[in-house]
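Chain by chain, the residues run as shown.
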Amino acid sequence: EDQVTQSPEALRLQEGESSSLNCSYTVSGLRGLFWYRQDPGKGPEFLFTLYSAGEEKEKERLKATLTKKESFLHITAPKPEDSATYLCAVPSGSARQLTFGSGTQLTVLP
Amino acid sequence: NAGVTQTPKFQVLKTGQSMTLQCAQDMNHNSMYWYRQDPGMGLRLIYYSASEGTTDKGEVPNGYNVSRLNKREFSLRLESAAPSQTSVYFCASSERVYRGRGTDTQYFGPGTRLTVL
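Protein chains in written order, with my numbering: chain A, 1 to 110; chain B, 1001 to 1117.
Hints in this document: simulated from the structure, not taken from any laboratory. Possibly wrong hints are sitting among the right ones.
Said to hold, decoys possible - A few chain A residues that face chain B, going by a derived Cβ cut-off under 8 Å, partial list only:
#, residue
1, Phe34
2, Pro40
3, Lys42
4, Pro44
5, Phe46
6, Phe72
7, His74
8, Gln97
9, Leu98
10, Gly101
11, Gln105
By construction, the Cβ of each residue, glycine as well, lies at the ideal position given by its N, Cα and C atoms.
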């Protein structure tokens, strides 16, 4: 059964304190790994798609990396506006369904 | 572009009532999806439509029906609402389900918060 596990469940950082979020997955044949950001009361907002082990993508203070078993979302010098829940997802079944992790709730304190 | 829009934003139903959640996208995407999000359960796929004229069940389809009205619109119907259907419902769309290198990115709407009493 395809599974996605995110850790930690919650993370509190001081502004400027860099850290990483983890997304580990077990799927038969990776067909993409997706990172989303979700603010309270809003829908998930697309951040990155990674397709191959070794691939990296960056956007402002965020950098996503991918290995054969996990993905990391590195946050460099975060700001309070980076506070959100970060979700990762992988295609499963016939690739039509995304299996989501339960998310990491990030709080960045000023 | 508005992206993916959903109506209504909030809804309260009594057990046994019916309602339809509406979703529209203006990105000319072929594929559309309905998810529900519950605390501790993450997002789970209810139904999807790979292209206009087709619909298929996802992980949790029981108690729901869908209609792909045209390329832009995909509705979700609860025929007889139950308290277990209290959730936040998200519609999403993607250009297509699958490309040569992998699954296409899905873009989400703002959600409908449904409470069934």
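Taking the hints in turn, this is what the structure says about them:
1. This hint holds: Phe34(A) has a C-beta 7 Å from the nearest C-beta of chain B, less than the 8 Å allowed.
2. For Pro40(A), the interface hint is violated, the least distance from its beta-carbon to any beta-carbon of chain B being 11 Å, above 8 Å.
3. Satisfaction of the interface hint for Lys42(A) is found here, the shortest Cβ-Cβ separation to chain B being roughly 6 Å, below the 8 Å cut-off.
4. The beta carbon of Pro44(A) comes within 5 Å of a beta carbon in chain B, closer than 8 Å, and the hint placing it at the interface holds.
5. The beta carbon of Phe46(A) comes within 6 Å of a beta carbon in chain B, closer than 8 Å, and the hint placing it at the interface holds.
6. With its C-beta approaching chain B no nearer than about 19 Å, Phe72(A) sits outside the 8 Å limit, and its interface hint is violated.
7. Hint on His74(A) is violated. Least Cβ distance to chain B is approximately 20 Å, over the 8 Å limit.
8. The interface hint given for Gln97(A) holds, since its Cβ lies 5 Å from the closest Cβ of chain B, which is under the 8 Å cut-off.
9. Interface hint at Leu98(A): satisfied, since its Cβ lies 6 Å from the closest Cβ of chain B, which is below the 8 Å cut-off.
10. The closest approach between the C-beta of Gly101(A) and any C-beta of chain B is roughly 6 Å, which is under the 8 Å cut-off, so the hint is satisfied.
11. Hint status for Gln105(A): violated, given a least beta-carbon distance of 12 Å to chain B, over 8 Å.
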